[in-house]
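Undergrad: Quick note: the sequence shown uses my numbering, first residue 18, plus one each step.
Quick caveat, the hints were computed from the structure, so don't treat them as lab data. No residue lacks a Cβ here, since even glycine has one placed at the ideal position from N, Cα and C.
Each computed DSSO-like pair below joins lysine-lysine, with the alpha-carbon atoms no more than 30 Å apart: (1) K93 <-> K218; (2) K210 <-> K93; (3) K88 <-> K218.
Across the chosen pairs, the derived CB separations fall in these ranges: (4) R186 <-> N110: 21 to 31 Å; (5) N110 <-> Q196: 31 to 41 Å; (6) P91 <-> S198: 15 to 25 Å.
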Amino acid sequence: MPASEPSLPWQMQKHQEILTESNPTAFAQLAELALPHLIHFLRREFRQVEPHLCETAVIDCLLTYHQSPNKYNPDKLSLFAYLRMSARHDLLNAIDKHNRQKRPLVHINEPDVQSQLIGEDNTVEDGFSFADWLGDDNKTATQTILHEFEANLSSTDRQLFLLMLNGVRETEPYADILQISTIPITEQRREVKRAKDRLTKRLQRFVNRHKV
Numbered sequence: 018m019p020a021s022e023p024s025l026p027w028q029m030q031k032h033q034e035i036l037t038e039s040n041p042t043a044f045a046q047l048a049e050l051a052l053p054h055l056i057h058f059l060r061r062e063f064r065q066v067e068p069h070l071c072e073t074a075v076i077d078c079l080l081t082y083h084q085s086p087n088k089y090n091p092d093k094l095s096l097f098a099y100l101r102m103s104a105r106h107d108l109l110n111a112i113d114k115h116n117r118q119k120r121p122l123v124h125i126n127e128p129d130v131q132s133q134l135i136g137e138d139n140t141v142e143d144g145f146s147f148a149d150w151l152g153d154d155n156k157t158a159t160q161t162i163l164h165e166f167e168a169n170l171s172s173t174d175r176q177l178f179l180l181m182l183n184g185v186r187e188t189e190p191y192a193d194i195l196q197i198s199t200i201p202i203t204e205q206r207r208e209v210k211r212a213k214d215r216l217t218k219r220l221q222r223f224v225n226r227h228k229v
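Produce the entire structure from the sequences given, and follow the hints as far as they go.
TA: Structural data, given as C-alpha cells:
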C-alpha cells in the first residue's frame, strides 16, 4: 500500500546503517518504501498541486537526508515523520517558485490543510490562525520566527511542536511524548488538546511580539 509506513525499529536500523555507511544498500531500501509513501502523503495533503512538483519535492528531501543524515534527530520524531516534514517544506518552496498565475494551487492555509495543522477542533484564540500564519508570503521571516520560537521551547514542547508542524493529528504520538499513554484515551485526547492549545497560544504571543 503506498501510504504504508515501516516499523520504528526498521526505520532506526536503516537510519543507523545510512549514518554509519555500514550497509551500502540501506538508502536504496529506505527510498523504496519512503518514495511512494511521501508522494502519497503530499498528493493527499496538496490535492491541486501538479504531481510532478510532489515527486520532485520527495526526491529532493530524500537526497538531502542522504547527504546529511546526521541532521535527523531520532529523539525528536520518527524518520518517516521527519521525511514528511522535509518533503512538505520542499514542496512549499517549489510552490513558491511555481507560476501561480497559471492555476491556483492548494497552499498551507487551505481549510483542509489548516485542519491538519491546528488540531481536532480547528479553532484558535483571538482570530489567530496557525495555518494562515505559516502560509505567510514572507517565508524568510516566518522561518526565522519559527527557529527562534523552537529554540526557546523545552525538549518536550519542541517534540510536540514538530508534530504539529508535521500535521500529525493522531493522539498516540503526542501522548507518547507527554508520557500519558497509560491513561484512558478520552483523558489522553483532553491533555493532548490542552498541550497543543497552549503551544498555539504561546506561538501567537511570540509572533505578536516579533512581527510588525
